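In case you want the letters, here they are:
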Amino acid sequence: MKSKTIRRWSFVHTWTSLICTVFLLMLAITGLPLIFHHEIEHLLGDAPEFREMPADTPHLDLQQLVEKAKAHRPGEVVQYFGWDEDEPNGIFTIMAPTPDTEPNSSHTFMLDARTGEALEMPSANGGFMMVMLRLHVDMFAGLPGKLLLAFMGLLFVIAIVSGVVLYLPFMRRLKFATVRQDKSTRLRWLDLHNLIGVVTLVWALTVGVTGVIAACADLIIAAWRNDSLSAMVEPYRNTPPLTQLAPATRLLDIAKEVAPGMEPSFIAFPGTLFSSQHHYGVFMKGSTHLTSHLLTPVLIDASTLEVTAVAERPWYMDVMSLSLPLHFGDYGGRPMQIFWATLDVLTIIVLGSGVYLWLVRRKAAKRATVGTEVAS
Amino acid sequence: MKPRQSSFWKVFGMPVLIAILCAAGLFSALLGDGLWDAVSWLGLGIPSVLAVWGLIPRR
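Chains A and B, in that order, are what the protein sequence lines are.
So the mapping is simple: this note's numbering equals the position in the first sequence, first residue as 1, plus 2.
So the mapping is simple: this note's numbering equals the position in the second sequence, first residue as 1, plus 1090.
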């Protein structure tokens, strides 16, 4: 590599990193507790505690659960019901004053599917973990915040790629994983920056790219509403808004008939982001490991309970769905969480050492200019 | 071009190997439990251990 080429890549690496470092540090630090959010919620006593009941206690039907939810929060409507393998007796419930209330103003809690008892989940609505989450997702700035973070993620990716290019000239005379301990602090940290940077490369790229995709989720969902949903609900365009919804009782049976072998993931009640004014959106997930991340929406007419359409999944919705586990690191058990946290801390070290190396070199360059001035 | 080629692999041989293992690890846990998870722990564990090993000061 010519020295001019190296200088150019070095310039790219320095400035893309420096610009995104503050944001990346914030993301890495707030991301750390989020990796363990389940465990932390349990420790804080925020996780819902289910009462002991015989294992075969039957579940209430969905309409009964809707009534229980409404009794728990009078004057509000159910936006979503969600299912989670970890809580077979629980149903995530999201309610708000109106169906189209934006997600951050909604209230999340859990219903015991056997009794209809409401179990509050404080950390889903506020508190420390929520602050971490909001900082991580949009810095409390909504869509502009998300897009700014997406842009910082792109700079991070460029910084990684240019860092790999620079790895070659720096390491040409050194064996892999050499850390020179006895020369100077700068050389030790340069070697560590190179070593940690290059071994964490694939993980950092994966989490970076999937983070950018997740940050663009609002746009991806808007595109889906535009492309798929609007075509399917076109015949309903001029019908008046519903005053009465058909009961939710049989929604899952209806959806399972048209999506055999699939499991429910969540139901979007009419008028939300994931449904239409006239439809329940029942989102079914595959039953294999890989397909359990992919959602197939079944649109069910909210007055006749007939299936309007089994929506196809556009490729970009699949990309988004598969990005999420790869960003969260929640799909490989406790050891994966621990490695995820370790790699996160290592990324903080790469970022910090990068700033340190830049400061040291800048000081040295300044000294050199002063030196030449004095000499001349 | 011969000498440059060899220096490329001398420098990038190990990093490429680690990168492949790490990528395999990231995807394998998406496909199943048990053995698939174990592959992912190996793929993510190697970079973690190497980096932490480098950080330990020694004389």
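Think of the hints as simulated: they come from the structure by calculation, not from any bench.
All figures in this text were calculated on a predicted structure; none of them were measured in a lab.
Each residue gets a CB set at the ideal place from its N, CA and C atoms; glycine is no exception.
Wrong hints could be hidden among the right ones.
Which stretches of chain A does chain B cover? Using the computed rule of at least three CB atoms under 8 Å from a CB of chain B, they are [as the list claims (entries may be wrong)]:
1. 169-179
2. 198-204
Quick list of in silico lysine-lysine cross-link-like pairs, BS3-like style, CA-CA up to 30 Å [stated by the list, open to error]:
3. A:Lys185 with A:Lys72
4. A:Lys177 with B:Lys1100
5. A:Lys258 with A:Lys6
6. A:Lys148 with B:Lys1100
7. A:Lys6 with B:Lys1100
8. B:Lys1100 with A:Lys4
9. A:Lys365 with A:Lys4
10. A:Lys72 with A:Lys368
11. A:Lys177 with A:Lys365
12. A:Lys6 with A:Lys368
13. A:Lys287 with A:Lys258
14. A:Lys72 with A:Lys365
Quick list of the computed label-pair ranges, beta carbon to beta carbon [claimed, not checked]:
15. B:Val1106 with A:Leu27: 27 to 35 Å
16. B:Val1106 with A:Pro262: 41 to 49 Å
17. A:Arg174 with B:Gly1124: 25 to 33 Å
18. B:Phe1098 with A:Val260: 49 to 57 Å
19. B:Met1104 with A:Ala366: 28 to 36 Å
20. A:Ala366 with B:Ala1128: 44 to 52 Å
21. B:Gly1122 with A:Gly128: 30 to 38 Å
22. A:Ala233 with B:Lys1100: 43 to 51 Å
23. B:Gly1122 with A:Gly144: 32 to 40 Å
24. B:Leu1125 with A:Asp63: 44 to 52 Å
25. A:His40 with B:Trp1099: 38 to 46 Å
26. B:Ala1128 with A:His40: 30 to 38 Å
27. B:Leu1125 with A:His40: 21 to 29 Å
28. A:Leu46 with B:Met1104: 39 to 47 Å
Against the structure, the hints come out as follows:
1. Counting residues of the stretch 169-179 of chain A whose C-beta lies closer than 8 Å to any C-beta of chain B gives 6; at least three are required, and the coverage claim holds.
2. Judged by the Cβ-Cβ criterion of 8 Å, the stretch 198-204 of chain A is covered by chain B as claimed, because 6 of its residues qualify and three suffice.
3. Proposed proximity of Lys185 (chain A) and Lys72 (chain A) is contradicted: the alpha carbons are some 69 Å apart, above 30 Å.
4. A C-alpha spacing of about 8 Å is found between Lys177 (chain A) and Lys1100 (chain B), which places the hinted pair at or below 30 Å, so the restraint holds.
5. Of the supplied pair hints, the one linking Lys258 (chain A) and Lys6 (chain A) is violated, its CA atoms being roughly 63 Å apart against a limit of 30 Å.
6. Distance check on the hinted pair: Lys148 (chain A) and Lys1100 (chain B) sit about 41 Å apart at the alpha-carbon level, beyond 30 Å; violated.
7. Of the pairs offered as hints, the one joining Lys6 (chain A) and Lys1100 (chain B) holds, with about 23 Å between alpha carbons and a cut-off of 30 Å not exceeded.
8. The straight-line distance between the Cα atoms of Lys1100 (chain B) and Lys4 (chain A) is roughly 19 Å, inside the 30 Å bound, and the hint therefore holds.
9. Among the hinted pairs, Lys365 (chain A) with Lys4 (chain A) is consistent with the structure: their alpha-carbon atoms are about 25 Å apart, no more than 30 Å.
10. The hinted pair formed by Lys72 (chain A) and Lys368 (chain A) fails the criterion: a straight-line CA distance of about 68 Å is larger than 30 Å.
11. Distance hint between Lys177 (chain A) and Lys365 (chain A) is fulfilled; the C-alpha atoms sit about 28 Å from each other, no more than 30 Å.
12. With a C-alpha separation of about 21 Å, the suggested pairing of Lys6 (chain A) with Lys368 (chain A) holds against the 30 Å cut-off.
13. Annotation: proposed proximity of Lys287 (chain A) to Lys258 (chain A) holds, straight-line Cα distance about 11 Å (limit 30 Å).
14. Note on Lys72 (chain A) and Lys365 (chain A): the hinted pairing is violated, with a Cα-Cα distance of about 65 Å set against a maximum of 30 Å.
15. Checked against the given bound of 27 to 35 Å, the beta carbons of Val1106 (chain B) and Leu27 (chain A), roughly 28 Å apart, stay inside it.
16. Take Val1106 (chain B) and Pro262 (chain A): their Cβ atoms lie about 44 Å apart, and the range 41 to 49 Å holds.
17. Between Arg174 (chain A) and Gly1124 (chain B), the C-beta spacing of about 42 Å breaks the proposed range 25 to 33 Å.
18. In this structure the supplied range 49 to 57 Å holds for Phe1098 (chain B) paired with Val260 (chain A), their Cβ-Cβ distance being about 54 Å.
19. Our hint of 28 to 36 Å for Met1104 (chain B) and Ala366 (chain A) holds, since their Cβ atoms are close to 30 Å apart.
20. The supplied range of 44 to 52 Å is met by Ala366 (chain A) and Ala1128 (chain B), whose beta-carbon atoms lie about 47 Å from each other.
21. Distance hint check: the CB atoms of Gly1122 (chain B) and Gly128 (chain A) are about 37 Å apart, consistent with the given range 30 to 38 Å.
22. About 56 Å separates the C-beta atoms of Ala233 (chain A) and Lys1100 (chain B), a value inconsistent with the hinted range of 43 to 51 Å.
23. The supplied range of 32 to 40 Å is met by Gly1122 (chain B) and Gly144 (chain A), whose beta-carbon atoms lie about 38 Å from each other.
24. For the hinted restraint 44 to 52 Å between Leu1125 (chain B) and Asp63 (chain A), the CB-CB distance of approximately 40 Å leaves it violated.
25. A hinted range of 38 to 46 Å for the beta carbons of His40 (chain A) and Trp1099 (chain B) is consistent with their spacing of about 43 Å.
26. As the Cβ distance of Ala1128 (chain B) to His40 (chain A) is approximately 22 Å, the hint placing it in 30 to 38 Å is violated.
27. In this structure, Leu1125 (chain B) and His40 (chain A) meet the distance hint of 21 to 29 Å, their C-beta atoms being roughly 24 Å apart.
28. Our hint of 39 to 47 Å for Leu46 (chain A) and Met1104 (chain B) holds, since their Cβ atoms are close to 42 Å apart.
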